[in-house]
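Participant: Sequence lines, in order, name chains Y and E.
Residues in the first sequence are numbered from 1 upward in steps of one, following our numbering.
Residues in the second sequence are numbered from 1 upward in steps of one, following our numbering.
Hints are computed from structural coordinates only; laboratory data are not their basis.
A few of these clues could be false.
In silico DMTMM-like cross-links for lysine to aspartate or glutamate, where the CA-CA straight-line distance does not exceed 20 Å [unchecked claim]:
no., chain 1, residue 1, chain 2, residue 2
1, E, K30, Y, E74
2, Y, K198, Y, D138
3, E, K257, Y, E284
4, E, K262, Y, D114
5, E, K257, Y, D114
Partner residues are not named here, just some residues of chain Y that face chain E (Cβ under 10 Å, in silico) [as the list claims (entries may be wrong)]:
no., residue
6, Y50
7, L68
8, F207
9, T277
10, H280
11, A303
The structure displayed is predicted, hence computed values, not measured ones.
By construction, the Cβ of each residue, glycine as well, lies at the ideal position given by its N, Cα and C atoms.
The lines below spell out each chain.
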Amino acid sequence: METKYISKSGIEQWFKSIVDSGKRVYAPVNSRDQIEFKRVKNLSEVADEYVQTTQSIKASVYPKAEVLFSYEKEHGKVHLTDFNPDSIPETVLWKVHPCDAAGFKPLSAIFNWDSPDKLHNAHVQKTSVISFSCAMADESCFCTSVNGSPGNLAGSDIQLTMLPDGGAIAEIVTPKGEALVALSPTVFEADKGEDKTKYLVDLPARFSLEEVNAKLNKAFNSTVWKEQSERCIGCGACAFVCPTCACFDIQEDVHGSTGRRIRCWDACGFGLFTLHTSGHNPREHQSQRWRQRLLHKFSYMPARLNVVGCTGCGRCSRACPVDMNILEHITSIAEQ
Amino acid sequence: MSEKNTYLPYLMTIDKVTKEAPGVKTFRLKFQDEAEAEAFEFKAGQFGEYSAFGEGESTFCIASSPTRKGYIECTFRDTGRVTSGLSSLEEGSTMGFRGPYGNVFPLDEWKGKNLVFIAGGIALPPMRCVIWNALDLRENFKDITIIYGAKSVNDLVYKSELKEWSERPDVNMVTTVDPGGETSDWKGEIGFVPTIVDKVAPSAENTIAIVCGPPIMIKFTFPVLEKLGFRDDQVYTTLENRMKCGVGKCGRCNVGKLYICKDGPVFSKEELNLIPAEEY
Chain Y
1 METKYISKSG
11 IEQWFKSIVD
21 SGKRVYAPVN
31 SRDQIEFKRV
41 KNLSEVADEY
51 VQTTQSIKAS
61 VYPKAEVLFS
71 YEKEHGKVHL
81 TDFNPDSIPE
91 TVLWKVHPCD
101 AAGFKPLSAI
111 FNWDSPDKLH
121 NAHVQKTSVI
131 SFSCAMADES
141 CFCTSVNGSP
151 GNLAGSDIQL
161 TMLPDGGAIA
171 EIVTPKGEAL
181 VALSPTVFEA
191 DKGEDKTKYL
201 VDLPARFSLE
211 EVNAKLNKAF
221 NSTVWKEQSE
231 RCIGCGACAF
241 VCPTCACFDI
251 QEDVHGSTGR
261 RIRCWDACGF
271 GLFTLHTSGH
281 NPREHQSQRW
291 RQRLLHKFSY
301 MPARLNVVGC
311 TGCGRCSRAC
321 PVDMNILEHI
331 TSIAEQ
Chain E
1 MSEKNTYLPY
11 LMTIDKVTKE
21 APGVKTFRLK
31 FQDEAEAEAF
41 EFKAGQFGEY
51 SAFGEGESTF
61 CIASSPTRKG
71 YIECTFRDTG
81 RVTSGLSSLE
91 EGSTMGFRGP
101 YGNVFPLDEW
111 KGKNLVFIAG
121 GIALPPMRCV
131 IWNALDLREN
141 FKDITIIYGA
151 KSVNDLVYKS
161 ELKEWSERPD
171 VNMVTTVDPG
181 GETSDWKGEI
191 GFVPTIVDKV
201 APSAENTIAI
211 VCGPPIMIKF
221 TFPVLEKLGF
231 RDDQVYTTLE
241 NRMKCGVGKC
251 GRCNVGKLYI
261 CKDGPVFSKE
271 ELNLIPAEEY
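Just chain Y, with the same shape it has in the complex (with noise of 0.2 Å):
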C-alpha cells in the first residue's frame, strides 16, 4: 500500500478524470431530505456535511432486482439468454464510507461460499470503491465494535481522509486503486507524514464482539427476542438499508411469450420468508424473525462464513419506523 498527497485542486482534477474516462461514478447526493448514492458527473453534486447515507452502497454488487436470464417461449421450445457479464459498466464508487466498503466481503462470502455467483462476481470485478474515512459519527454509530474502525481499509482500493486544508491523505490499496490513480497520476503528491488518526472521529467501542458471540450461541431459547421485538412491524427496513444482508427471492416477469427470471431484494423479517405452501411456517412470529436476524448476522455467519453479518453502519436503527436500535439490544444481550 502506498500512501500520497492530494490537493483540494487535484481531487477536482481527478475526479474529472474519473468522469471523463467513461466510468459510471456514484456518490452521495443531496436528494430531497435524504442522502443517496447517485449518479453523479461533477464533484459539485457530491454531498458534503453528512453521516450516513440512507442506503447502503451494496446495490452497486448486487442490485434491488437483477435479471438472472431471460427466456423465450415459442412452439413448446423454450429458448434462453443467459446473463451477460460484459452487459456491466465500470463503475467508481466516490465517498463510500468504511463501513459500506467492508460491507462487500460479507457480501461476497454468502453468495460465494457455495458455489462462485457469476453475477455478484462480475459487479464486483466492475467496481472501484474510493472511500472516505469518517470525521463524523452519530449514536447509533458503532463500526469499533463490530472489527471495523472510522479508517478501516477492508473494501477500499483507494481511501481519503480529508484534510483541513481541502486537500486529502489518499492510501491506495489495491491494484484497482492503483489503476484510478493512473488517470491522474501528476496530482498524487508526496505524503507529508499526516497523522491520519488526529482526523478520523473517536469511536469508543460498545461492546465485545466475541461476548455477544458466546452469549447468542445459548441464547436460542431466551425470552429477550419477544422482549425486543415486540414492537417489530416486520417492515423489513432493516434488511433493505442494510450493507451485508442478501436474502433473496426469485421472481418471474413474464410478457406474453417472453419472460424473465428476476433475483430480488427480501428480507427475513418477513412473514412470507419462510411460509410453506402447505401452511405451516417455521418462523411464524415476529420474535422469530428477529432473533433469525441477530443470530443470522452474529453468530452463524461467524461460524459458517468466518465474517460478521455487520459492519456497525447503524443504518437499520436509523431507519427503524418504531425505533428498535440494534445497538441497544445486542448491548443488552452482551451485558446479559
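With chain Y held as given, fit chain E onto it using these hints.
Facilitator: Chain E only, in chain Y's frame:
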C-alpha cells in the same frame, strides 16, 4: 468469464406424465442437450429446482433412483403458482431443472443393514428414490420394510409401485390409510403412520429407519422409534424447508447454523438435535 450462471436451468422435455392421486403427478424428464444428459449425475436424497417458465421455480427431491439412467422424475402436488403451472404442462413440453443439490442418503454406510422406510402422504417421493436405489442393489441390504400411509386410499401415490413392492418376496410392504380413509375393498392397515409403526414394531437391531412425512407425522413417529430401541444415529429423515436458490445463498432454509439445502436435506436424528426443532 467462464463461471457458470448457477440460476440458469437445464432445459428438460417432459417425457411422460403419470397421474398419481388427486392433484398429484409424476413427470419423467429428459435433458434436451445430450452433453448435459451425459454429464449429469446425482445420488439418492438430492433435490432440484424445477421451473415452469412463466411461473417460477419450485423445490422437489429427485424421485427416481440414480440406478435408472437417462432420465429423472419428480412428483408434486398442484398447490401453488408454480406447481399449478407445471401441472398444466403436457408430455413433450419444455420445463427447467437446476440441480442436483444437497447431500445424500449414506447408502454405502448402510450396507449389510436392515432398512425401514416410513413415509406419509406426498412424502413418499423423496423416499422412492432411495427405495428403488436400495432395491436395485438388493444384495447389499438385509430386510427391507416399507411402511407408507396416506389420508385415504385415493391419496396413496405410486399405486402400481406399491403393488409391485407388496408382491416382492424380499420386501415387507405395509400400507395404511387414516381412519375413515379406507374403501370397502381396502386390504391394508387402517390407522395413522406412527400407530402402524408401533404395531409393525421393526427391530432396531442392525437397522436404519428412514422417516419422511408432514411435521406432525415426524413428531409422533420419532418417539415410537425411540421406544423400539432406535438410537438417534439409526434414524434419518429428509427435510423440505422453503427454498429459492437451493445453493445456500437466499437465506430461506437457514435453521440454526445449518442450511437445509447445503447441510441437508438428509439429516440423521442425531444431526437434527443440533438445530432448533421449532424451525423446520
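Participant: It remains to establish, for every hint, whether it holds in the given structure.
Facilitator: Against the structure, the hints:
Simply put, K30(E) and E74(Y) have alpha-carbon atoms about 19 Å apart, close enough for the 20 Å limit, and the pair holds. For a cut-off of 20 Å, the pair hint linking K198(Y) to D138(Y) stands: about 18 Å separates their Cα positions. Restraint check for K257(E) and E284(Y): satisfied, since their Cα atoms lie roughly 19 Å apart, inside the 20 Å limit. Taking the CA atoms of K262(E) and D114(Y), the gap is about 8 Å. The hint holds against a cut of 20 Å.
For the hint pairing K257(E) with D114(Y), the CA-to-CA distance comes to about 15 Å; that is within 20 Å, so the pair holds. At about 31 Å, the closest approach between the beta carbon of Y50(Y) and any beta carbon in chain E exceeds 10 Å, and the interface hint on this residue is violated. Among the interface hints, the one on L68(Y) holds; its C-beta lies about 4 Å from the nearest C-beta in chain E, closer than the 10 Å criterion. Look at F207(Y): its Cβ only gets to about 21 Å from chain E, farther than 10 Å, so that hint breaks.
Using the Cβ-Cβ criterion of 10 Å, the hint placing T277(Y) at the interface with chain E is satisfied: the shortest such distance is roughly 4 Å. For H280(Y), the interface hint holds, the least distance from its beta-carbon to any beta-carbon of chain E being 6 Å, beneath 10 Å. Restraint check, A303(Y) versus chain E: the minimum CB separation of about 5 Å is within 10 Å; hint holds.
In this structure, the earlier hints numbered 6, 8 are contradicted, and the remaining ones agree with it.
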